[in-house]
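Using this note's numbering, the first residue of the sequence shown is number 1, and each one after it goes up by one.
None of these hints come from the bench; they were simulated from the model.
The structure displayed is predicted, hence computed values, not measured ones.
Idealized CB from N, CA, C, for every residue including glycine.
Misleading hints may appear alongside valid ones.
Claimed, not checked - With a cut-off of at most 25 Å between alpha-carbon atoms, the simulated PhoX-like pairs for lysine-lysine come out as follows:
id, residue 1, residue 2
1, 78, 92
2, 92, 299
3, 92, 210
4, 181, 210
5, 64, 78
6, 181, 299
7, 231, 299
8, 92, 64
To be verified - Distance windows between CB atoms, simulated:
id, residue 1, residue 2, range
9, 128, 231, 21 to 31 Å
10, 46, 87, 14 to 24 Å
11, 128, 275, 13 to 23 Å
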Amino acid sequence: MVSCTPLSDATLTYRLWFAFTQVRIERNAVDADRNRSRDQLHTRRGYIGELVCFFSCAVIVRGKPMIALLVEACEAYKDFLALPSPALVGPKTARQLAYWRRFASDALAPESQRYATRALRAAFTWLVDVRYLAGNPWNAVNDPRVVRREAPISIDRALPRDLWERARHFMDRACAPADAKQWRIARALLLRMGESGLRREEAASAQRDKLRVSPHSAGVDPVWALTVVGKRNRERTVPVSPATVSALCAHWRDRDRAFDDPASTAPLLAPLVVPGSRVAEARHSDGTQPGYTRHGLWKLVRRAMEGMLREMEDLSETDRMSLHQASPHAFRHTFGTHAAVEEVPIDVIQRALGHASMQTTSICVQAEQRRMADEFESFIRVGQTRAT
């Protein structure tokens, strides 16, 4: 028999007497809804965050079960998303750590507000579909207004061609010392994203047995091919340059692993030093040497950018700004824009990047054309100034 407390949902009038699920309390309902997306890890992670935050606010602020909130409370929560409480704002870090906070900024972007609203509406829709609830209050809540951007992605963060080439030469020099193992990891990662267009999740999950010499390559230095599973569980094959393969070989030597074994299911990248957190130690406790997590790759990229800012010479203010702003996704954009400069057909770039729409890929071309126009305008202005 379910006990009734002030936070219990056992006596709610809009609970149906028969449901197509065995859950009987709200926390189990959240777990059951989460299991719907267990095969979509990225979606599941986002849904968990939104549900846990709404669940916590309902209990702590309203003193009610999450599913006891009516339309007015849902509207108030939507307003809360636009201006979160300072107690829930903190720096980006792993979710398992004690100082993790739900929001990384005190001004949540409209797109993020809309995502949260839609995620909660979808969760409550499922609870209605399985007859756990009689109605969905989020159906009466409109999505936050979002400006439809002219370009849906920030392609301008891609590194200019000259800066990318100098960064590659710098990494080659930085990797030369025998003890520069961390730089060799960073080089292997940045080359895979900057020359193959991988997403962060794809780079983290890539395995050795999915990398092979392309059967269609006939050059002296053959191009390799890497098969990854990207967004919406779509498998695709991306090109891997000989320079990237050499960087991976150097990293595998640091790991004392045989890169020549094509049947190995080991991750292409793996940390050589285990962080001191309990979560990291538990993850590496079985001795299988697992690969990096999404957050681990993000930190690896940031440390590499900080190292370049400290040690690279002849960096202009524009170069420093590009390196300072560079995120893992910026190197994916770098691949797309540079491929467009080399006149790679746009449909080939689309397949390599895994874009569902040709329109998204065309932004890479437009961005490089816009940068080219800006550079020529500056060149012309300098020439006119000297002439006068």
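Hints versus structure:
For the proposed pair residue 78 and residue 92, the alpha carbon gap of about 22 Å is at most 25 Å, so the pair holds. Distance restraint check for residue 92 and residue 299: the Cα-Cα separation of roughly 10 Å lies within the 25 Å cut-off, and the hinted pair is therefore satisfied. Only pairs whose Cα atoms come within 25 Å are accepted, and residue 92 paired with residue 210 is rejected, the gap being roughly 32 Å. Simply put, residue 181 and residue 210 have alpha-carbon atoms about 24 Å apart, close enough for the 25 Å limit, and the pair holds.
For the given pair, residue 64 sits about 17 Å from residue 78 by alpha-carbon distance, which is consistent with the 25 Å threshold. With a C-alpha separation of about 16 Å, the suggested pairing of residue 181 with residue 299 holds against the 25 Å cut-off. In summary, the hint linking residue 231 to residue 299 is supported, as the alpha carbons are separated by about 22 Å, within the 25 Å threshold. Restraint check for residue 92 and residue 64: not satisfied, since their Cα atoms lie roughly 29 Å apart, outside the 25 Å limit.
Checking the proposed 21 to 31 Å range against residue 128 and residue 231 shows it holds: the Cβ atoms sit about 28 Å from each other. Distance hint check: the CB atoms of residue 46 and residue 87 are about 22 Å apart, consistent with the given range 14 to 24 Å. Restraint check, residue 128 to residue 275: a C-beta distance of roughly 42 Å breaks the suggested window 13 to 23 Å.
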